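Asker: All chains, please: the whole structure from these sequences, using the hints.
Single-letter residue listing:
Number of protein chains: 2
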Amino acid sequence: MKTIPELQELIKSEIDQITYPSQPSNLYEPISYILSLGGKRMRPLLVLLGHQLVNGQLKNAIKPALAVEVFHNFTLMHDDIMDEAPLRRGMSTVHEKWNRTVAILSGDTMLVKAYDLLLELDPKILPEALRLFNRTAVEVCEGQQIDMDFEEKNIVLVEEYINMIRLKTAVLLGFSLEFGALMAGMPESERKVLYDLGVKMGIGFQLMDDLLDVYADQSKFGKQVGGDIISNKKTFLLIKALEQAEGDSKKELENWLDKEAFDPKEKVTAVTTIYNQLGIKEQTTDLMNHYFDEAFNLLDQLDADVEGKQILKNFAMQLMKREQ
Amino acid sequence: MKTIPELQELIKSEIDQITYPSQPSNLYEPISYILSLGGKRMRPLLVLLGHQLVNGQLKNAIKPALAVEVFHNFTLMHDDIMDEAPLRRGMSTVHEKWNRTVAILSGDTMLVKAYDLLLELDPKILPEALRLFNRTAVEVCEGQQIDMDFEEKNIVLVEEYINMIRLKTAVLLGFSLEFGALMAGMPESERKVLYDLGVKMGIGFQLMDDLLDVYADQSKFGKQVGGDIISNKKTFLLIKALEQAEGDSKKELENWLDKEAFDPKEKVTAVTTIYNQLGIKEQTTDLMNHYFDEAFNLLDQLDADVEGKQILKNFAMQLMKREQ
Numbered sequence: 022m023k024t025i026p027e028l029q030e031l032i033k034s035e036i037d038q039i040t041y042p043s044q045p046s047n048l049y050e051p052i053s054y055i056l057s058l059g060g061k062r063m064r065p066l067l068v069l070l071g072h073q074l075v076n077g078q079l080k081n082a083i084k085p086a087l088a089v090e091v092f093h094n095f096t097l098m099h100d101d102i103m104d105e106a107p108l109r110r111g112m113s114t115v116h117e118k119w120n121r122t123v124a125i126l127s128g129d130t131m132l133v134k135a136y137d138l139l140l141e142l143d144p145k146i147l148p149e150a151l152r153l154f155n156r157t158a159v160e161v162c163e164g165q166q167i168d169m170d171f172e173e174k175n176i177v178l179v180e181e182y183i184n185m186i187r188l189k190t191a192v193l194l195g196f197s198l199e200f201g202a203l204m205a206g207m208p209e210s211e212r213k214v215l216y217d218l219g220v221k222m223g224i225g226f227q228l229m230d231d232l233l234d235v236y237a238d239q240s241k242f243g244k245q246v247g248g249d250i251i252s253n254k255k256t257f258l259l260i261k262a263l264e265q266a267e268g269d270s271k272k273e274l275e276n277w278l279d280k281e282a283f284d285p286k287e288k289v290t291a292v293t294t295i296y297n298q299l300g301i302k303e304q305t306t307d308l309m310n311h312y313f314d315e316a317f318n319l320l321d322q323l324d325a326d327v328e329g330k331q332i333l334k335n336f337a338m339q340l341m342k343r344e345q
Numbered sequence: 022m023k024t025i026p027e028l029q030e031l032i033k034s035e036i037d038q039i040t041y042p043s044q045p046s047n048l049y050e051p052i053s054y055i056l057s058l059g060g061k062r063m064r065p066l067l068v069l070l071g072h073q074l075v076n077g078q079l080k081n082a083i084k085p086a087l088a089v090e091v092f093h094n095f096t097l098m099h100d101d102i103m104d105e106a107p108l109r110r111g112m113s114t115v116h117e118k119w120n121r122t123v124a125i126l127s128g129d130t131m132l133v134k135a136y137d138l139l140l141e142l143d144p145k146i147l148p149e150a151l152r153l154f155n156r157t158a159v160e161v162c163e164g165q166q167i168d169m170d171f172e173e174k175n176i177v178l179v180e181e182y183i184n185m186i187r188l189k190t191a192v193l194l195g196f197s198l199e200f201g202a203l204m205a206g207m208p209e210s211e212r213k214v215l216y217d218l219g220v221k222m223g224i225g226f227q228l229m230d231d232l233l234d235v236y237a238d239q240s241k242f243g244k245q246v247g248g249d250i251i252s253n254k255k256t257f258l259l260i261k262a263l264e265q266a267e268g269d270s271k272k273e274l275e276n277w278l279d280k281e282a283f284d285p286k287e288k289v290t291a292v293t294t295i296y297n298q299l300g301i302k303e304q305t306t307d308l309m310n311h312y313f314d315e316a317f318n319l320l321d322q323l324d325a326d327v328e329g330k331q332i333l334k335n336f337a338m339q340l341m342k343r344e345q
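The listed protein sequences derive, respectively, from chains G and Y.
In my numbering, each residue's number is its place in the first sequence (first place is 1) plus 21.
In my numbering, each residue's number is its place in the second sequence (first place is 1) plus 21.
Derived by calculation from the structure, the hints in this document are not laboratory data.
Possibly wrong hints are sitting among the right ones.
Because identical chains cannot be distinguished in the list, a pair is counted as satisfied if it fits within a single copy or across any two copies.
[Stated by the list, open to error] No farther apart than 35 Å at their CA atoms in a straight line, the calculated lysine-lysine pairs in the DSBU-like style are these: (1) K33 - K280; (2) K118 - K255; (3) K33 - K145; (4) K145 - K213.
The model shown is predicted, which means the values in this text are computed figures rather than measured ones.
Answerer: Spelled out as C-alpha cells, the structure:
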C-alpha cells in the first residue's frame, strides 16, 4: 500500500515519460506544455487511491489513471479558450501562447490520446470502463455548457448551481475513484458507493474552490484572489448573496455587478464586505462540510481495505483544509 | 447484398433516429443541427461497403458505422471555427448560428458520442477497432494542423500537400472501409489492402474537390466556385501553378495572392486563366486518375466478395465523376 506522496511521485514520473511525435509541432508541443504545468494531479491520484481500496498492486493501473489526467487537461485547454483566460497555473494558456486554432486542435488530440491510454486496460473491463468514461466525459461537457449559460442568466438557483458543479467537476472525481476500483475488481454495488462518495467530495471540493477565490491568502494562492468577484462569476457565494442581500446591501451588490468600469481592488473589497455582512463564508463552509461529511459516511460504510480507506480519508481531509 | 441507394437510405434512417437529451439545449441542438444538414454520408457508406465485401448481414454494423459520421461532423464543426467559415452545406455554421463556445463544446461532445457508438461493437473486436479509430482520429487532427500551418508558409511542396490531404481526408476513408471489413471478420492482411485502397481513393477524392472548387458548374455546386482562389488556399492547383508559372504569369499570380483588396470575381477569372495556360486542370485530373487507378488495382487484387467489390467500384467511379 502506497502513501499519498509515493503515489504522487509515481504519477509525476509516469507523466514525465509520456512522449509525443515531434511533428506537427503546433499540435503536440501544446500537449506536452499543458501536461508539464503540473497541478495537483488529483484525478489520477484518486484512480490509484480507488484501486488501493481493493488491491495494492498498481502496476497496470497507472497508464489508465493518466487517461483521466489527460482528459482533464483537454477540458482545461478548451475551457481556457471559452473563458478567454490568459493564465493557467501562473503560465500562459495555450490559446495565448500559440493561438485559438492550436488550442482547439491540440485539445481534440488530447481527448483521443486519453482514449488511447484507456486501451491499456484489460480487454475484459474495457467496455464497462469506456461506458463509464463516456458518460462522465459527456457530463463534464454538459456542466461546462450550463456554466456558460449561467453567464447569460440573472438568477441562478442554488440547486442549479450544485447540479452544474456536480457535472462540471464532481462526476470526474467520482469516476476516478470508481475507475480505479473497477480495475482492481471491486464489485459493482461497492463501486457505486465509491462513485457517490467521489461526487460528494467533488462538490465539497468545488465549494472550497469558490471560497478560496475570495478568502485565500494571496501569498499562497496560485490565482488572483477575488478573480470570481471581478468577473461576476456565478459562484455559490454570489448566488447566496444575491438571494439574501436586502435594501442598500442588495442595491450596492447589484451596482457592482452592473458596473463596466471599476477599480478591481475596490470591487473585491466591497463585495467581500457584503459577503461578510451576510455570513456567506460560514454558509459556504457549512455546505462544504456537509458534502464532505456525506462522503466520509459513505467511506465508513464501504466494504474495502481498511488502510486504503484511511489513506483516502486523509486525502479528503487535505482537500478540505487546502490553501490553494 | 444492398445497392448504394439502399445503403444510403439505411444510413439516413438510422441518423434520423439518433436522439439526444433536450438539456442543455446549447450543447445538444447543434449536434442534431449539423447531423441534419446531410451531406454525402460517404464515410458510413464506406463502412457498410467494406462490410459487404465479406458479409451482407449489416444489422450490427450500422450503429458503429454512424460513429464515423459523427466523428466526421465533429471535425467539421471544429474546422469551421478555425476557418471562420460562415456556411456549411448552404446553412449557417454552428459557431455562427450559436457561438464559438457552443461549437467547441458541442464538437467535443460529438467526439465522445462517436466513441459511444463504437461501444455497440462486439467486445471481441473493440480493442482493435478503437486502436485503428484512435490512430485515424489523431492523424485527422495532424492533417488539419498541417493545413493550418500551410497558411503561414510561402512554399508548399507537392509531397507535403499530398501528405496533408492523406492525413486530413484520406485516412478516414481508408479506416471506414477497413472498419466495416473488420466487423465482418476479414483477415488482417486483406484489411490492410482495403485500407490502402481507401487512402488512395481519398487522395483522389480530395484532388477532385480541389478541381471542383475552380471548375464546377455553379448551378450544381453547393459552395461558391472559386472560393479556394479567393482565400489563397494552398490547393494542389495553386501549388502546381506557383511551381510552373514563369515571367509575367508568375508575377501576375503573385500579385493576386498579395492583394488585400480585390474584386473576387476578377481574381477568380484571372487565376483560373493562369491555371488554364499552365494546363493545371489536366495535371490535376491526371494525378487524380492515377490515385483512383491505384485504388482500382488494389480492389482487383482483393480477395473478397465479387458483387461487393463491384458495388464498391461503382461508388468510386461516382466519386470520380461527381459534380459537387
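Asker: Confirm or reject each hint.
Answerer: Structure-based check of each hint:
1. In the homo-oligomer, the alpha carbons of K33 and K280 never lie at most 35 Å apart, since the shortest distance is 44 Å inside one protomer and 51 Å across protomers.
2. Proximity of K118 to K255 under the C-alpha cut-off of 35 Å is found in both arrangements, the shortest distances being 28 Å within a copy and 25 Å between copies.
3. With identical chains, the CA atoms of K33 and K145 are at most 35 Å apart both within one copy (28 Å) and between copies (33 Å).
4. Taking the shortest alpha-carbon separations for K145 and K213, both the intra-copy value of 19 Å and the inter-copy value of 26 Å come in at or below 35 Å.
Hint check: a violation occurs at hint 1 only; the rest are consistent with the structure.
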